[in-house]
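K.L.:
In the order they appear, the protein sequences are chains H, R and W.
For the first sequence, the working numbering assigns the number -12 to the initial residue and increments by one for each residue that follows.
For the second sequence, the working numbering assigns the number 15 to the initial residue and increments by one for each residue that follows.
For the third sequence, the working numbering assigns the number 8 to the initial residue and increments by one for each residue that follows.
Because the hints were derived from the structure by calculation, they are not lab data.
Don't take every hint at face value.
What the hints assert, rightly or not - DSSO-like cross-link-like pairs, simulated, lysine-lysine; straight-line CA separation at most 27 Å:
| no. | chain 1 | residue 1 | chain 2 | residue 2 |
| --- | --- | --- | --- | --- |
| 1 | W | Lys70 | R | Lys312 |
| 2 | R | Lys381 | W | Lys70 |
| 3 | H | Lys120 | R | Lys133 |
| 4 | R | Lys417 | R | Lys351 |
| 5 | W | Lys70 | R | Lys387 |
| 6 | W | Lys103 | H | Lys176 |
| 7 | R | Lys315 | W | Lys70 |
| 8 | R | Lys361 | R | Lys314 |
| 9 | R | Lys81 | R | Lys312 |
Here the structure is a predicted model, which means the values were calculated and not measured.
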Amino acid sequence: MNNTNSMFARAMPLLFGVLFVIGLVAPFAVYPTFLMKILCFGLFACAFNLLLGFVGLLSFGHAAFLGSAGYICGMLVRDLGVTPEVGVIGGTLAAGALGWVFGVLAIRRTGIYFAMITLALSQMVYFIVLQWKATGGEDGLQGVPRGHLFGIIDLSNNIAMYYFVFAVFCIGFAIIYRAIHSPFGQILKAIRENEPRAVSLGYDVAKFKLLAFVLSASLAGLAGATKTLVFQLASLTDVHWHMSGEVVLMTLLGGLGTILGPLVGAATIVSLQTELADSVGSWVTVIMGVIFVVCVLLFRRGIVGELQALIQRAGIR
Amino acid sequence: MQMKKLTTLACAAAFATLSGAASAQISGNTVKIAVLTDMSGTYSDVAGPGAVLATQMAIDDFIAEAKPAFKVEMVSADHQNKADIASNRARQWFERDGVDTVTELVTTSTALAVMKIAKEMDRVALMSGPASTPITNEQCNDRTVHYTYDTYSLANGTAKAVTQQGGKNWFFLTADYAFGQSLEKDSSAVVVANGGKVLGSVRHPFPASDFSSFLLQAQASGAQIIGLANAGADTTNAIKQAAEFGITPKQQLAGLLMFISDVHSLGLQNAQTMYLTTGFYWDFDDGTRAWSKRFFDKHKKMPTMVQAGQYSSVLHYLRAVNAVGSDDAGKVMEQMKKTPINDFFAKNGRIREDGRMVHDMYLAQVKTPEESKGPWDYYHIRATIPAEEAFLPLSESVCPLVKK
Amino acid sequence: MEIFGVPSALLGSQLLVGLINGSFYAILSLGLAIIFGLLNIINFAHGAQYMMGAFVAWIALTKFGVNYWVALFLSPIIIGALGVVIERTMLRKLYKLDHLYGLLLTFGLALIFEGLFRDQYGISGQSYPVPELLQGGVNLGFMFLPIYRGWVVVAALTVCFGTWFVIEKTKLGAYLRAGTENPQIVQALGINVPLLITFTYGFGVALAAFAGVLAAPVYQVNPLMGANLIIVVFAVVVIGGMGSIMGSILTGLGLGLIEGLTRVFYPEASAVVVFVIMVIVLLVRPAGLFGKAA
């Protein structure tokens, strides 16, 4: 067991290196906007996984962070004319602040009550977005310019935009990776495994949970703000509770609590949605439902989780 | 990169001189038409698979009629009423697959997103499904045609006719989102302009299923006419429950956005005697009946105005491409705007400089079950609203394309 | 007479309408509460099962000429049987796992059901006529009450309190409650606990289908009719206290009333008021209004 673990530890940098190179050359092989969508949702799912996979908190309101950051970023860039990176930072900070409010209210509850409070709060965010004139209601916030990064690089070029999104993703992913592998991450895992024990060891559990929640919300916001720039719009879909459900599906399908799982899950779901929409039309929802069911019944570890288990078994033998 | 472009250009030029200009101007010698619609959600009965079928019919008819030298292909996708999916798909079609026009686009948020991309990429957006007026007003651009109807024409038609026939006092039941509010605003203006009065309105959340408390407020207002500024399931539920609470027939309902598919699902028992405005009715004349029968044979449902409009718009587009011998968006748009449209769908149709296709609209009243001779025999056409009166006058438009 | 600028007749009628909607909430949240209380499963497919209940009634009427009164029994039995199959083949495997998995599984099932019905019957929905016996209405002075709506309240409350009585006051209910607390001991007493649980799920689902049949003549029978309702009903169960039978019934009725009032004073917010209440309640009473603190 130990042996395989250290094997993983050694293989990890290599794997990340390979993935990084693939990420660099990918836009020349695959349609860039599609890749950008995968990266945005991948980051969103990774941020969500930080909370569910490593702290054990199921938030059913993460769409609120994705969406509100998208709207804030869109308004900053379109209506105030700031440069894209300022818009993205603005959106991320806003989502972080919102995350702090959600966290303070929800963090003392656990399990299903935690999920329900986050759901309720995100429904209120939805209501505000729907009612507020500046968001464009159900028409969405349209016509957000991509602008010039740092005032220099023209992002309306798809390749330039792709490398910006790729950089954002790598930064976000690195933050999550660091957080998990730091002492902070160890404490989070300890809380997940045995909360009373963590308390008795003298940790301020609520404070750690809140920190993790704010971090997760900010990164979800980072993904949402970037997504707004990619598609040049923010819409109600991003704040609807279905989006909160979708991110659970992505994480679960990819592998709960694995570092790469959410990205794999997001890529799978996004590809399915895009490809199936053309070939099967209205059957998309049915197929999604079947994936949910099969996943829960047969592959609870998700794609990456199952793969890891396979490799581990092979290693032991 | 630069080098490669040059060689391509040179090749193209050489090719053009060899083979004659006309055929070389259609990229790949193929016109690609994309249908981006709601295949599974709220609007799938209004547009959806029926709109895809109508597009295919238009392409087949065009090929039979014009025997063009180029090929015509169709692709379609489900935008699931999500603006980001629509935007992603349209971009991919334009950038990667060489699509010439994206059509249908029911739901305003997807329409607004796609028309901006079409403009950016210099392609054409043909919109049959969406309802909002901003498409050809404050958000207008010169690569967009808004074909079948819009909220102004519906509100204008219904509210005007009903007010003129003596329905002076109105109360609005409004879906609480931008579309519902603009429907209410447009209709209120028409009611007041025709000597009527708006007693009040209530905004209901969207979507809602129980309308009884909103209807009771409408009842308490004492208004003669309750205007339904909502759509789809909200409208049908409100109509059904109004009958249940004995509000109709004492007070009259006016549906501001209703399609024949809504009337079909409600049944005449619930919908009878209501007024509504439509751009197309299958049983209008021989031309509409002949086309609708062909459509019905394949789809097993009569066409909505969106589906009929989709056919007409695609055919108009293809004829324009054929006439100018090019799929260049600017040239095709010019040709489409120049040519009047008179087919089974559109009478006295033309595309204005703001991209609005204006044509005669009709005021319909839903038949009672006794008057109806069979399935889909639903409307009396009570009046024709001439093309020039049916849509927002250019004098009130804020679209920058309109020269004043 | 006016209260806060609203005529009292209108206010009275709004409260009555609120009570009618409350009965729908009550019967739906009761089913959810039973399933959660006894199985620890959060049944996200409840809305879809409600929708299927309505559809079965509609299909029975249009295809086989089966009338409303028969459908009122037939539809819950059919959908309940489907629930039994789901429990036997899928849910059973998840009892030892986190709540999360039950929720996700049923969410997936809801997507499948709604997708299938949408594909088959389109989105516009179908009309179900009010049964002849219950057509028309009575004038109460302050409002015109359709007889059918009155029937909804009576039927829903009868079923709700009947269910409460069986679970809280009878021997069968005692077995049920004990079976979930300590399955080994109850099993040792010679009671087939797994069977008991299967039928509990079937019964909870049947309640949803029953609500669906009640709703069919009032609302358009539409594949998505349960999709938006489910979130509200969840909120009701949480406010009442997960698993509390009486809590879910009373909260359902109370919420209908509050929603009715919101529709008069601030109609735009009537869809969100339930979530505001939920947050406040959970902050003040973490286990819900009627729940026992964990």
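K.L.:
Work down the list of hints and note, for each, if the structure agrees.
P.N.:
Hint check:
no.	hint	result
1	W:Lys70 to R:Lys312	holds, 23 Å
2	R:Lys381 to W:Lys70	holds, 25 Å
3	H:Lys120 to R:Lys133	holds, 26 Å
4	R:Lys417 to R:Lys351	holds, 15 Å
5	W:Lys70 to R:Lys387	holds, 22 Å
6	W:Lys103 to H:Lys176	holds, 21 Å
7	R:Lys315 to W:Lys70	holds, 19 Å
8	R:Lys361 to R:Lys314	holds, 26 Å
9	R:Lys81 to R:Lys312	holds, 24 Å
When the structure is compared with the earlier hints, no violation turns up for any of them.
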